[in-house]
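Visitor: Residues per chain are reported as follows:
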Amino acid sequence: MGIVSGMETAKRQRLLQALAKHEWWIGLVMFVFGVAFFIALAHDSLNARVYVDENALMPGIASESFRGGSEAQTLGNQWEQLNTRDQAVSWLTDRLTSIGVEVYTQNFTAVFPFSGSQQQQTVHGTNVYGILRAPRGASVESIVLSSPYRLLGDGSDVQPSHYGVALLLSVAKHFRYLNYWSKDLIFLFYSEELVGMQAWTEAYTGTKLTNIQFSQLPGRSGNIDSAINIEMPSPHFTAIDLDTAGINGMLPNYDVYSLSWKVATSSKHNVPTGPFGEGVHHFADPIAHFRQNVYLMLRTASVQAAGLPSSGHGLLVRHRAEALTVRALPDAPYHKRYGLQDMGNILSGIVRSLNNLLEHLHHSFYFYILPNSTHYVSVSLYTPPLALIILGSVLKAISLWVVTGLKNESGDSQAKFAFGEVQRNVQLVLPAFLCSQLSGVAVYVAPHIGVWLMPSVSQAVAALIGLTLTAVVCIVLVPLIVMKFDNSNDCHNTQWAILHCFALVANTITLTGLSMMNFSLGLLFSIITVVPTRILRQRPNQHFLSWFLQLVFIVMASPPVVLWFGCLVYLLLNGQLASVSLASQLVETTVTLQNAILAALRHQYLTGMWVYAAVTLVLWPNWLLFWTTLWRPVVCTADVTREKKEQ
Amino acid sequence: MASLAWCGVALSLAVRIGLIEWRTCEWLESRIEVSSPLTSWNRIEEALALLSKGISPYDGDVVHETPLVILLFRAASRYLPFSVGYLFLLLDVCVAWALREIAVVHQKLVVKRQKSEKAKYAEGVDCVLVLEDIELPDLMVFLYLINPFSIATCVGQSTTLLSTTSVVLSLLWALKGSVLLSTLFVALASYLSFYPIMLIVPITMIHYDVSWESRKPRISFILKISLSFIMWGVMLLWLSYTAVGSWQFVNAVYGFILSVPDHLPNLGLFWYFFMLVFNHFREFFLWTFQINVFIYCIPLALRLRDHPAFMLYAFCFLISIFKSFPTVGDVALPLALLPLWSHLFKYMRYTFLASCMLLAATIIGPIFWYMWIIAGNVNANFFFAATVLHSLGQILLLNDSIGSLLRRDYDLLHGIRIPQIDGKLGVVRLR
Chain A
1 MGIVSGMETA KRQRLLQALA KHEWWIGLVM FVFGVAFFIA LAHDSLNARV
51 YVDENALMPG IASESFRGGS EAQTLGNQWE QLNTRDQAVS WLTDRLTSIG
101 VEVYTQNFTA VFPFSGSQQQ QTVHGTNVYG ILRAPRGASV ESIVLSSPYR
151 LLGDGSDVQP SHYGVALLLS VAKHFRYLNY WSKDLIFLFY SEELVGMQAW
201 TEAYTGTKLT NIQFSQLPGR SGNIDSAINI EMPSPHFTAI DLDTAGINGM
251 LPNYDVYSLS WKVATSSKHN VPTGPFGEGV HHFADPIAHF RQNVYLMLRT
301 ASVQAAGLPS SGHGLLVRHR AEALTVRALP DAPYHKRYGL QDMGNILSGI
351 VRSLNNLLEH LHHSFYFYIL PNSTHYVSVS LYTPPLALII LGSVLKAISL
401 WVVTGLKNES GDSQAKFAFG EVQRNVQLVL PAFLCSQLSG VAVYVAPHIG
451 VWLMPSVSQA VAALIGLTLT AVVCIVLVPL IVMKFDNSND CHNTQWAILH
501 CFALVANTIT LTGLSMMNFS LGLLFSIITV VPTRILRQRP NQHFLSWFLQ
551 LVFIVMASPP VVLWFGCLVY LLLNGQLASV SLASQLVETT VTLQNAILAA
601 LRHQYLTGMW VYAAVTLVLW PNWLLFWTTL WRPVVCTADV TREKKEQ
Chain B
1 MASLAWCGVA LSLAVRIGLI EWRTCEWLES RIEVSSPLTS WNRIEEALAL
51 LSKGISPYDG DVVHETPLVI LLFRAASRYL PFSVGYLFLL LDVCVAWALR
101 EIAVVHQKLV VKRQKSEKAK YAEGVDCVLV LEDIELPDLM VFLYLINPFS
151 IATCVGQSTT LLSTTSVVLS LLWALKGSVL LSTLFVALAS YLSFYPIMLI
201 VPITMIHYDV SWESRKPRIS FILKISLSFI MWGVMLLWLS YTAVGSWQFV
251 NAVYGFILSV PDHLPNLGLF WYFFMLVFNH FREFFLWTFQ INVFIYCIPL
301 ALRLRDHPAF MLYAFCFLIS IFKSFPTVGD VALPLALLPL WSHLFKYMRY
351 TFLASCMLLA ATIIGPIFWY MWIIAGNVNA NFFFAATVLH SLGQILLLND
401 SIGSLLRRDY DLLHGIRIPQ IDGKLGVVRL R
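In order, the protein sequences belong to chains A and B. All the letters of the first sequence, read from the start, carry residue numbers 1 to 647 under our numbering. All the letters of the second sequence, read from the start, carry residue numbers 1 to 431 under our numbering.
In isolation and in its complexed conformation, chain B is listed as follows (with noise of 0.2 angstroms):
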């Protein structure tokens, strides 16, 4: 199984290796379901020209990318001796790692929590215990690598890929339990792309619970990682000041995410909202769909206080659904993070349902936009129709998972049996 697995990765290096050298990049790139225009590398290209020439990037309305990024692709493409296309593969191949390694660290934590805690457990729950399972790792970077959605993002140039490795390295080390690099990486997350700033959230609870054997006092554990994320975070804003020398970032960037004045379609929610919404309204829903995406961090930070890391892959679905310009790399992240939890798989009863939906909207979709925008004979509604349809899948295999997990951990406490009531199977209402 193992080198079937391996046969499976060198299978999907090889189409990346062979996608990029056929070009196929240039087409990708534009594909709206890979690049949105925070993420498109023909905006970088265009920042790259504009710097060289000596203006400002961000004096137009084109380029929505960071300042590091821009300077790190300056450079890539200067000094690299292959095409920026390696780098991109050399970041998957990263995510790749990092994703082993997380299942190794996950496994071993989830075990010995689970040793721990026994004790509690009701009579007859080893059919859902966790097992050590040695092939996880491997499976992990094979399902990486193999999503069709890893491998567009990959091949198309999205700096999504940027953000993801981010939040991947820093779910790695907080298990690890470095403080100053997880927070590092969450910070860079967060400054790729905003949204991820709410996973500060499960990072810092992830280190608090591996810490627990050395439990320390809660305020001053939480004011550490706050004053690192915010250390790193103002150290990289101040770096991309002094970068290109004035602020205006700020607004092309972050300003843009939230406040969404492009349209363009994308698999999300907000462009067609907002395309059809009276300006007298706007305001008032640019707030609540914004809000929207932070809300839901208060209710699951407090019903998954005890599955950090799962909290975390919540987190980045939640992100990947609701955030302003999602690509397909978004939904890459949460479904590579998913195998960590098989053990709740036998729970999960909508996976062929959302599996179903989201494969559906993958292949409907782009019909759909090219009978819109090329053969011009079906309107906006039927392209809006496959992302409601793809956002609807990533809802559905969420609220899954995150069902199953709750019910698990209430038939370990209560035993796996369902309870009889008067000679009738109970029902077991969550509340």
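One chain only, chain A, in its complex shape (with noise of 0.2 angstroms):
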């Protein structure tokens, strides 16, 4: 019975003593190094080359035959004739029935919330898909083929991707006169960009995740297996970006990309096919390559960071369906120009190696980052840096629960009793988690309340304002509530170290349970919150710059001010920042913030992306624990008075 026996109290008690004391280094020396382990995983030494797990897939064996690539031109430029959202949808479904598959359409209807105006913002739109049954199956599985269909013209800044449905239509028309598929194919072309596929999603899995009003599918197949996307700006390209982060950083199966991968690369088409079409060269120069390595993975982590997909497979992706979007991509630097014909037949390569699939996708990882396109990540070599990193918050709770059970800071080594001599006062956690809890789901609700109360503004600005309005009440309330419940005159007293004991176990638990669903959003708000959340010292009497320090870090830390430089990053790196002068370059960060803050809260009931939750519920009430810890009694009153009697 070591645990109940074995009281060797002293022995115990000076290594918990040396591991407080020592503590705030070792913590250091494994932040740094956990950072730097997770970028050295960048190197090609260090992380694994891209293999197919799934041996019946058998990718790039199969003969490609496709010869509608002229087809795929003639319908690209038919689509370019239509104008209206009624006759693309009675074209497409000419077409499909033309070609002799079922066909059937979806209406749909979204509202968006929080919209530029004082109106409700509508949007309708109509999908069209065709099922082509499975000549050697029963319809219990399908594959789907799915491109978003736009007009031309109608004034959205999106990329027009009509050679996508032009090329599927062809590849419709190709597909069918084979025998060999034993699973349905799907045909799916959506509008209005991720509602439609969400309102498709939904009705076909019959979920209900969101507040799309859909009507039900007339025609259904089995279920969804895997899913390729296909978007084609122009009849021609230099390179495919292989886009697989899904909704709310899901991925699909590693196999998915691979198979892709291997098909686009194989010796018949030798397309440079990597995340976002980069990542395709091997430099000379191994400094050059490690630096295009980690600005990769960087790239693809931020993507799965902020949780939202760029096209329809990332919601596919959610119900089980191993998706990713195939993008041409006309303008990539590579000297060789491909055309319709080609995709048609890596397309038709992809999907002749997923119908040979006897079983779901389950070989390979679910959880892997790309540093470039011929290896990975995968999760059994990302965890050990994110543990390292979020260590030393663990440490540092442990040895402030040491520190606060001492009787006196220089604490005694020989301990003479089995009982700890002093009695921690925990009464400061409850009200203080209480309080941080409600403002969290506060701020969640505040954005509706807004609206509510304001019904003279536009619905976004004034979501904003009530955002912004209870966020700045929390962060004044919160301290004073919790300073109320300080009971004791003595400000030597613990309680307040015990709370920041606890407010680190809490934001330690809720980062790794963030990283394990979303492990970039895990990692990113791991490496801001870590190193300020350990700086903070509870102890009384501090010199005030030392004070004002901490208050910096904490600030600097939390999300509306983390945001706020992602924001500025993302404008940096993209080579967005328009204005020269350093106060409008402010101005339009804060504006880029702005706009994501509304993106994902609409995005939060059009795909039911659960970000802006996750820092409303999780982040930001963690923040405001530490914020509280830091507005705990700095002066002693009670040793001012005790030196003006000593004098």
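It is worth saying that the hints were derived from the structure and are not from the lab. Please read these numbers as outputs of a predicted model, since none were measured by experiment. Please note that the accuracy of each hint is not assured.
Taking lysine-lysine pairs in the DSSO-like style, the calculated list, with each CA pair at most 30 angstroms apart, reads [to be verified]: (1) B:K118 x B:K176; (2) B:K346 x B:K112; (3) A:K11 x B:K346; (4) B:K176 x B:K346; (5) A:K21 x B:K346; (6) A:K484 x B:K120; (7) B:K118 x B:K108; (8) A:K336 x A:K262; (9) B:K120 x B:K176.
Each chain sits in its own coordinate frame; assemble them with the hints.
Guide: So this is what it looks like as structure tokens:
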């Protein structure tokens, strides 16, 4: 019974005290090492090379006999003549009917919450889809081939994608006469971007995650195994972007990426293929190569952290469909140009392989980051650095717990009793946690209350005002309320240190949980919060400068400031900062932040993205706890009076 | 402090009412953490529907609830003017009231006993003696009601709450010295979820402890309590038999608890193991796992014979850790009883670690569940890791409190200073 007896109290206490004493540099070393470790994982020698884990896929073996390149070109030209949605829908229906597949349409209506005007903004759309029944099997499984359809010249700034539509139609015609399909093929043309895809997936899977109103699907097939979404803005392309990032940072099985990569880069096609169409070249200079890897790894991670998919595939991933987007890049800096014919053959190669599958893709990883087109960092590799980074918080929490249990700060190394001589006062913990959680809920609902209270301004503005005001009120009120619960007059009390300790525990556990679901978001907030929350000092009579420094660090780690800097980095990297003067650059960043918040808010109701909920209900309360501990009574009135007496 | 505790009580009750009114019950009762196949509200509704069609609820393999509970809820759904959720709220208030009474009586008992034994204590042990704390009863009510586990159990309408109520009431009546009532509630608890049958040992010893002034012969005393317990048990079973008209329920309830045919994941350790084990070995391991629940009774009953109420707490923890279909409601009971021994807190060394483990399991568990069942990108091992963490946290807390109790006993008799041997601090080992 080692735990029960074995009370080698002195030995144990010496160890814990040593930990408490040296914790600050151990934690720092672990943090620096963890971040360096993570960056180092981008190097090709430290991660794994792309491979197809599922042998049944047999990528690139099938002969590809697609000959419809010129037909696709004609169809693309026809699309350019279409002006209204009704025309587009009837054109798509006619084409699909003439090919000879089952054709259905689905109407949907979505109310955009927090629109830019006082009225609600409503969006209508129609999805068109055709089902090619498998000649060789029952309709129990299906593969989705999808493409967004966008009318040209309707004023929106999104890229056209009508060659994707055209290609899909000619591919459908080609597939129609092949007899080896053992899974149904669904050709889906969705309108209004993600909203249309969401309406179709919800109707198909019988789920209800959003507020979109949609008509039921007149025809359906079996379970969706895998899906390929295609986007082609022009008939020619020089590289392919394989986009895996799904909603809320979910990823499809890595096999679907490696399969698509293998088909596209096989000797038959040899198209430069990778995430964002980059990371294709192996630089001769190892440093340049490593730099490219790091850049690309951070870029894939940041896309994952944002949690919003760039195209329709991301919404299917949630329903266990292994989906990715194959995006043709016309302007990538590679010398060779490819056409619709090549893309058609690549697509049929991928679909043919997926058709070979006997069971759901499950062999390979669901958690990975891509540093270049030929390598991946799997979950087993990137978890140790994250653990190292987060463990710093755990160490600090343990040391705070140990220190608050000591009688005096010097720490008697020889324990005289079997029990702890100091009773820890945990009275602040419960009120502080309740207050911070309640303020999280308040901030979460604040945009709605803003819209409800301010009907005279536009909904977006009202939501932002409500959000800002609530956040400010929380920032002021929570420390004030918690201070009321500090029941001891002695400011040498340890209540605040214990609150700090439990705040660290809560932060650690929630960040761990978050990084399980969306690794990049968890890692981002771990890196940002671990250092500032560790340097907080729970000691009375600190120098004002030291306290001010802590204040600055904590403010920098607050979710709004982090997001603001995130927007700044995003604008800088994309070269989108148009203005020259510093002041207008700051304004531009703030506007971007506002748009990002509104987008997160809207997509919560349009696509079921939970990043807004995670930030307001988890990260914001966590931060408020640390913010509160900063406002402990700093100057000891008891000490001052004692000093006066002594004088 | 006391007024703050009552504010907290009001808040927790308001949260319960809010959650009941907002119909979170439908979501909570589908959570495997809150309701097991034995205690799920969905299954009771199924039973009521079957009964209304004139079909025996035990004909199928869905209902594993005891007949009296089903009849109780049939009556409740017919005659109660408010929704059943408020019945659970009432039960929770009843538990809280009982805990308050228990705290008052138990404190008096401990202090009285301490006074009588004071002559035996070593010198200078004042700082580990129990002081009567008038705030403790209110604090117990507060800590029970604010516990998210008990809120979830109450709002999720898990019938674990019925068995919790029975255990708490039996402890209360045992402390108050009423043999008939306390054995009735132990019998009721065992009737509801079987495992509390082992609680008859501490209940007997509490009775013996309470009536120590008028010591009766031990054998007749034990005989009296066992007879009373058996009488109540037989009566409950017979009532159930007459209510549904067949003995099917014995197999459906107790057979189900003991043979664990349903591998629906829960917070316990059974489902994962029996999902993996070869059928060939199933019976052997079933016996091992079930004996494991009860085997600790013997050593603990011997070692903790001077602290029967603490023994009951330890047994409640054991049941919650090792029973075949545990829920969060089972953990809420020992956690609510723990403050009775608040004088041990200064001896406890792993409270921080254990509470962190429980907290982590509570947050990580639902996330892994989502990723396994809904998102489908991890497997069962992840969720099992969370449940193991949950069990480990409980084991650590139990171990720690037992160790603290024994160490305090030792200190009371031998003095609180750690003995020095050759100028070095000695080590006290439990043997």
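Visitor: Take the hints in turn and mark each one as holding or not.
Guide: Structure-based check of all given hints:
Pair hint B:K118 plus B:K176 holds up; C-alpha atoms about 24 angstroms apart against a cutoff of 30 angstroms. A hinted pair counts as satisfied when its Cα atoms are at most 30 angstroms apart, and B:K346 with B:K112 qualifies at roughly 22 angstroms. Note on A:K11 and B:K346: the hinted pairing holds, with a Cα-Cα distance of about 18 angstroms set against a maximum of 30 angstroms. Restraint check: the Cα-Cα separation between B:K176 and B:K346 comes to about 28 angstroms, which is no more than 30 angstroms; the hinted pair holds.
Between the alpha carbons of A:K21 and B:K346 the distance comes to roughly 23 angstroms, so the proposed pair stays at or under 30 angstroms and holds. Taken as a hint, the A:K484 and B:K120 pair is broken in the structure, with Cα atoms around 45 angstroms apart against an allowance of 30 angstroms. Taking the CA atoms of B:K118 and B:K108, the gap is about 15 angstroms. The hint holds against a cut of 30 angstroms. As the CA atoms of A:K336 and A:K262 are separated by approximately 19 angstroms, the hinted pair is consistent with the 30 angstroms bound.
For the hint linking B:K120 to B:K176, the alpha-carbon distance of about 27 angstroms falls within 30 angstroms, and the restraint holds.
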